[in-house]
Amino acid sequence: MVGNNRRAALDAVRANWNRRAPAYDRFYRDYTQDKRDAWRAAYEKILGELFARRDEPLKVLDVGTGTGFLSTLLAELGHHVTAIDPSNAMLDYARAEAGRRGVEVRTIACGAHDVARLGTEFDLVTARYVLWTLPDPVAALRAWREVITPGGGLLLADGLWHTWRHDGRRLAASLRPGGDHRFLWQLLRDYAQIGNATPHWAGLTPDRARALLAASGFQSGARHDQLLPGNARPVSADFFILGTRPARLP
46 MVGNNRRAAL DAVRANWNRR APAYDRFYRD YTQDKRDAWR AAYEKILGEL FARRDEPLKV
106 LDVGTGTGFL STLLAELGHH VTAIDPSNAM LDYARAEAGR RGVEVRTIAC GAHDVARLGT
166 EFDLVTARYV LWTLPDPVAA LRAWREVITP GGGLLLADGL WHTWRHDGRR LAASLRPGGD
226 HRFLWQLLRD YAQIGNATPH WAGLTPDRAR ALLAASGFQS GARHDQLLPG NARPVSADFF
286 ILGTRPARLP
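If you're matching positions, the sequence shown starts at 46 in this note's numbering and goes up one per residue.
Where hints are given, some of them may not hold.
With a straight-line Cα cutoff of 25 Å, these simulated SDA-like cross-link-like pairs (lysine to any residue) come out [stated by the list, open to error]:
#1 LYS104 / SER265
#2 LYS104 / TYR174
#3 LYS90 / ASP159
#4 LYS80 / ARG98
#5 LYS90 / ASP252
Just so you know, these hints were derived from the structure itself, not from any lab.
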């Protein structure tokens with residue numbers, strides 16, 4: 046029954062992102078170049094610290110790639126990127142984004158919990174704004190750990206998504222002249238579809254992310270908070286946090 050419940054939850058999450066893919070793509074297509082540059086610089090800095098003794102490109106798995114924003118940035122940095130997402134609609138946009146940027150990204154329809162079927166290992170797993178969407182984040186993290194080479198790393202980017210302050214601010218903006226008056230309806234609809242299925246629908250704090258890493262067998266590493274001045278989401282407390290796979294698994 047637990048397996049059936051999780052599968053139903055995963056189906057609901059996939060359907061949600063299939064529906065939202067066009068709007069998600071428009072959002073990142075409108076991103077200014079300075080914002081893209083800020084994100085690229087943030088990842089370049091963190092990876093430079095994590096793999097300070099390595100000169101060759103990394104094998105990277107980008108989990109929940111969405112429309113390909115992060116996977117293309119990592120490819121632009123010279124890495125070999127495999128991008129996965131359960132949403133075929135998202136992957137269509139991700140392939141188009143890689144083509145526009147002139148980079149090579151391998152895209153595969155695959156859920157976050159199912160990475161073992163990829164049949165390969167990676168130096169780095171990335172998950173940008175993904176962990177909060179998962180029905181069973183510990184199971185997913187354990188699966189990611191298994192495909193990371195010993196001594197390799199996991200880089201999470203996440204934050205708060207649905208708090209009274211965060212949603213209240215967006216609701217107030219939607220009620221102003223010219224605002225998106227559909228916001229309240231969309232919020233209620235999204236919660237009905239996936240809110241009950243995802244234990245961290247409100248989002249994650251760094252402490253909670255660290256607890257999930259520890260429960261999954263990762264060694265928790267450095268936390269970064271101030272790498273995106275002026276480019277992070279407002280009132281969201283976005284953060285990056287590193288986890289490393291021990292050389293020997295328990």
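Would the hint linking LYS90 and ASP159 be met if the CA-CA limit is 25 Å? Roughly 29 Å between the alpha carbons, so the hint for LYS90 and ASP159 is violated.
Keeping to a limit of 25 Å between CA atoms, is the pair of LYS104 and SER265 held or broken? holds (21 Å)
Is LYS80 close enough to ARG98, meaning Cα to Cα at most 25 Å? violated (28 Å)
LYS104 paired with TYR174 [C-alpha distance capped at 25 Å]: holds (20 Å)
Under the criterion that the straight-line Cα-Cα distance not exceed 25 Å, is the pair LYS90, ASP252 satisfied? Roughly 22 Å between the alpha carbons, so the hint for LYS90 and ASP252 holds.
Hint check: violations occur at hints 3, 4; the rest are consistent with the structure.
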